[in-house]
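Here's the letter readout for the chains.
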Amino acid sequence: MVEMTRVDAVREIAAGYAAQRGPLLPVLHAVQDRFGAIERGDLVAVADVLNLSIADVHGVMTFFHDFRAAPPPTHVVAICRGEACQSVGAERLMADVRADLQEASDVEVHEVFCLGNCALGPSGTVDGRLFGHLTASRVGASLPGRSS
Amino acid sequence: MTLAPERDLGTPAVVGEPTATVTIDGIPVRVAPGTSVLRAASLAGVEIPRLCATDRLEAFGSCRLCLVEVDGVRGTPASCTTLCSDGMSVATDTPMVRQLRHGVMELYLSDHPADCAGCERGSCDLGRLAADAGVAEVRYGLGRSHADATTDVSNPYFAFDPAACIVCSRCVRACGEVQGTFALSVAGRGFDSQISPSGTDFLASECVSCGACVQACPTSALEEKSLVSLGMPSRAVVTTCAYCGVGCSFRAEVRDDPEGTTLVRMVPWKDGGANEGHSCVKGRFAYGYAAHRDRVLEPMVRDHIDDPWQVVSWDTAIERVATGFRAIQERYGFDAIGGISSSRCTNEEVYVVQKMVRAAFGNNNVDTCARVCHSPTGYGLGQAFGTSAGTQDFESVDQADVILVIGANPTDAHPVFGSRIKRRLRNGAALIVADPRRIELVRSPHVEAAYHLPVQPGTNVAFVNAMAHVIVTEGLTDGRFLAERCEDVTDYLAFIARPEHSPEATEEVTGIPAPDLRAAARRYAAGPNSAIYYGLGVTEHSQGSTMVMGLANLAMLTGMLGRDGVGVNPLRGQNNVQGSCDMGSFPHELPGYRHVSGAEVRGIYERLWGVPLLAEPGLRIPNMFDAALGGTFRGLYVQGEDIAQSDPNTRHVEAALRALDLVVVQDLFLNETARFAHVFLPGTSFLEKDGTFTNAERRINRVRPVIANRVGKAEWEVVCDIATAMGYPMGYAAAADIMAEIAATTPTFTGVSFERLDAVGSLQWPVPDVESPGTPIMHVDSFARGRGRLVETVYVPTTERTTRKFPLVLTTGRILSQYNVGAQTRRTENSTWHAADVLEIHPADAEVRGIHSGDLVGLASRVGATTLRALVSDRMPPGVVYTTFHHPVTGANVVTTDNSDWATNCPEYKVTAVEVTVATALDTPAPGHIVATSILSRADDIARQFAGLSPAEGAAAVATHLTRFWEPRMLAELASRVRSGDPVDPLVVSALAEVESAAH
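Just so you know, the sequences run in chain order X and D.
Going by the UniProt record's numbering, the first sequence opens with residue 1, and the numbers climb by one from there.
Going by the UniProt record's numbering, the second sequence opens with residue 1, and the numbers climb by one from there.
One or more of the hints may lead you astray.
Stated by the list, open to error - For the chain X half of the interface with chain D, some residues (derived, Cβ under 10 Å), not all of them:
| hint | residue |
| --- | --- |
| 1 | Arg40 |
| 2 | Leu52 |
| 3 | Ser53 |
| 4 | Ala55 |
| 5 | Thr62 |
| 6 | Phe64 |
| 7 | Glu108 |
| 8 | Val109 |
| 9 | Val112 |
| 10 | Leu115 |
| 11 | Gly116 |
Derived from the structure by calculation, the hints contain no laboratory data.
Note that CB positions come from ideal geometry on N, CA and C, so glycine has one too.
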């Protein structure tokens, strides 16, 4: 019954955008905002409401790394690997953070390309909050309930 | 001989006059403006290397291999996306271009298996293009690659190996642009990009296995499994598919070995007029039945149907047939035997069957399986336009602005034409679907019908009359067309304008909301080009013929005939159903739809065949069954039709077959009908035949032998041998000679010969002389009968009604992967997709009965019962259930009734009152009773159609119908029943009086 509810909710979200021009991206954002991920069943429902093929929706969804097929773990750390941050130590930062958190199953670490915070690099986000001059220890300190 | 691949010009042709001159490497070439440089170069004989471009798809510009230099243009544009303009000068092989190409090829090869099996085999373009570009080695070291990617082998016919894939998107575009399914896309981005059927495997995806992606793939990433297991073909034979009435042309690619010829794969032929290089899962892949172990390859006989079969020589079998038939005729009369021809066989094979019946049997007891599908098309279009065929070629739909699809499911039953319709819809045409079921065309990716009119089964005529009513009463008719091209106009207009035909009045019967119907009628009338495509949902009704005339009326009222983009078109179910009808398979018609009562026409054949011919019609298939049960019909030859499975009311058919003294079945397999046979003659598959098929657009296509005949005799030879053994010598040196006889005797085929067909590819009849290019569009200036006839189409409800005991209506149809009774497709991997028939039922009807998807359910009608699995689906409207008839274990026709079209006795498959209940075990089909329609009710059915006329006109109309279509003994029986006081419609009584007075 829970599954039915989700399908209906996704269909409702998609229907809300269906009349727009190019509704697919806003729909995918809305679905992920609501459920944290876009699962297979959501793809099928969105495709049906927008009269697209499942492959159409899958192709678009997988093109953007921010759309995810499974919900994220409790914490998400994203580190900028754009040129500006790269030149001030992002590569090292990434390696350190990965090393610190390799045992942490509740934290996901991934790279992003430019957060628009180039003057304060290396930049990154922890659970969606933006940090400049980021260090591995600040990442650890920013994860609630964890010691660096 | 090596296999020459079909020429590919790189990008699609552009319509227009060749007014632009461009120079390619110094060679001038004239092309239509808008043509790509790549195509212009190809036309000039300069092949620019490319990977992502093909003339089947719009240019994409992704592979960067077709770069050229253009005078006065900076850089090196891609020739596929650069359009020609007058005076342009292009260089395709400069040092700059060569260097760039070399670099691009190196990059491709850096992520392509060094040991690519396709490159080795010759089925992967990459190796060849690399050699052409002079790439001997790749400078880049071992980096990340896709070499570890897993091959997807889920589809039974082809595999996808991402390691060999270059992500050129040809498959993605073919799936969208050509097939219209959009099952593929590029998943991921950058290095991770991979062609994907929505993140699952091919079998679990939306893929319909049409093979367009495999054909489009320039590498060996998408490849037929047969190519891998059997190796590269060495030779190609162009032939015609033997499944549906689209009649696709294929290159059968074979390999010749000392042991014989092996068919490696079937590739749709780009020059095929019907399919233009496209295919479906049946034609492209489901040919394995020809080599199936179930095929019977030797003649067999037995004295009694309970005896085991005995293998005998051809001579023995033929002697047995001939003496058996002659013995029956001596004892019971010349008209106690008959034959049924097959719409799966060639024109030549069918022609000799009707010749055998007429000349050797000496009667007109020949009918064809079209009886149970499109005989109402024959009658209806014959009455309205004067000839029994669709008015357009398939290509015409590209010019249609409004497409009305009624009682047809093209994406399943005529998939290649379905793809063509979808493409036209994506390009802007509007679609009206009239069908109780929400078929795929109503709504599928990138396609949506403007109107879906869920017409209640059995009420088609009420629906079409309401459409015509709106057009007439709202002043939407084409007055000039009516005045100049049609007859009986005034009477018809007065008839149809009557208020009982308004959408508001018919709404309750048809179930179509009046505002929707009015809007759809206006849209159809508005055109400017509106085309009608219909299927068995029109014909297989008690008023099938009336409905066909109703559709003809719609087209005539609005002037939608005689040009591109319009017309009335039956979608023929079988590969040669058009041809088998053309060849004189009906008991009342000689080849070319000429009634047997015409002395002049009979004279043509009497002189040629040297025997007198009967002027009265013979028995139709259902009449044969009735006469068999009555004891007056004792012997039957059946060519490739499984009447025991495909004809309605199975119990009745089986009882009739059991009553016969001699049943001769010619088929590939021991089918259901063969259970009742005394002689079995092995048939040939289309891969072994030499002849012609005629598709739904009247296109006569060659069928050429691809592999050696497996049974030792061509089917037409067997028929000739039977006739000869019966004392009527019949023989031809080759199939071509049969066509020569057809051409010599049939005006619409005068200009047809194998020689011409081999030269021009195909011809659409009429082909009135040897110079004629054929007739893609009919009735351009006048109708075949002169003026088009508007027939008053009175709606007469079917006698099959729902009741409290049988509250639901069952309607039947086909599914993409299976074909008719499944004799062929069930013997291929196509059963992967559809292993059993299921019953589709609306959620509301399912809920009150406690039925869930997957449950076993009992399906019972007044005549029989069976069990099958349920599929709860809102594709059906409440009150209507649906199933397919592909599997003998289901026996869907156990429940269908003996009701039939009043004019042609085409069975009313589409309307059976049923009840559905939860079942506990999968019972075998249990036929209940033989509900044979009496001769009186058949006559009543006819009389009811003319009830609207004055008594005198009505009697004349009934009398004409009876003399033209009823076999004399049936007429005599009817008269004697009426004389003895059996109750019958008064019109029948006066009609019989008229028939008798005319006879005296």
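Mind checking the CB of X/Ser53 against every CB in chain D and telling me if the closest is under 10 Å? Given a least distance of 4 Å, the restraint on X/Ser53 holds.
Once the shortest beta carbon distance from X/Val109 to chain D is found, is it less than 10 Å? Violated: closest Cβ of chain D sits about 18 Å from X/Val109, beyond 10 Å.
Does the nearest C-beta of chain D fall within a distance shorter than 10 Å of the C-beta of X/Leu115? 19 Å, violated
With a cut-off of 10 Å on the beta carbons, see whether X/Glu108 makes it to chain D. Violated - the Cβ of X/Glu108 stays beyond 10 Å from chain D, reaching only about 18 Å at its closest.
Taking the closest Cβ pair, is X/Phe64 under 10 Å from chain D? Holds. Min distance 8 Å.
Close enough to count: is the Cβ of X/Thr62 nearer than 10 Å to one in chain D? 4 Å, holds
Interface hint check: X/Val112, Cβ to nearest Cβ on chain D, cutoff 10 Å. Holds or violated? Since chain D brings no Cβ nearer than about 14 Å to X/Val112, farther than 10 Å, the hint is violated.
Evaluation of the interface hint that places X/Ala55 against chain D, nearest CB under 10 Å: Constraint on X/Ala55 satisfied, holds at 4 Å.
Take the shortest C-beta to C-beta distance between X/Gly116 and chain D; is it under 10 Å? 21 Å, violated
Should the hint that X/Arg40 touches chain D count as held when the rule is a Cβ pair under 10 Å? Nearest chain D Cβ about 7 Å off; hint holds.
A closest beta-carbon separation below 10 Å is what the hint needs, so does X/Leu52 meet it against chain D? At 5 Å from the nearest chain D Cβ, X/Leu52 passes the 10 Å test, so the hint holds.
Violated hints for the displayed structure, listed by number in ascending order: 7, 8, 9, 10 and 11.
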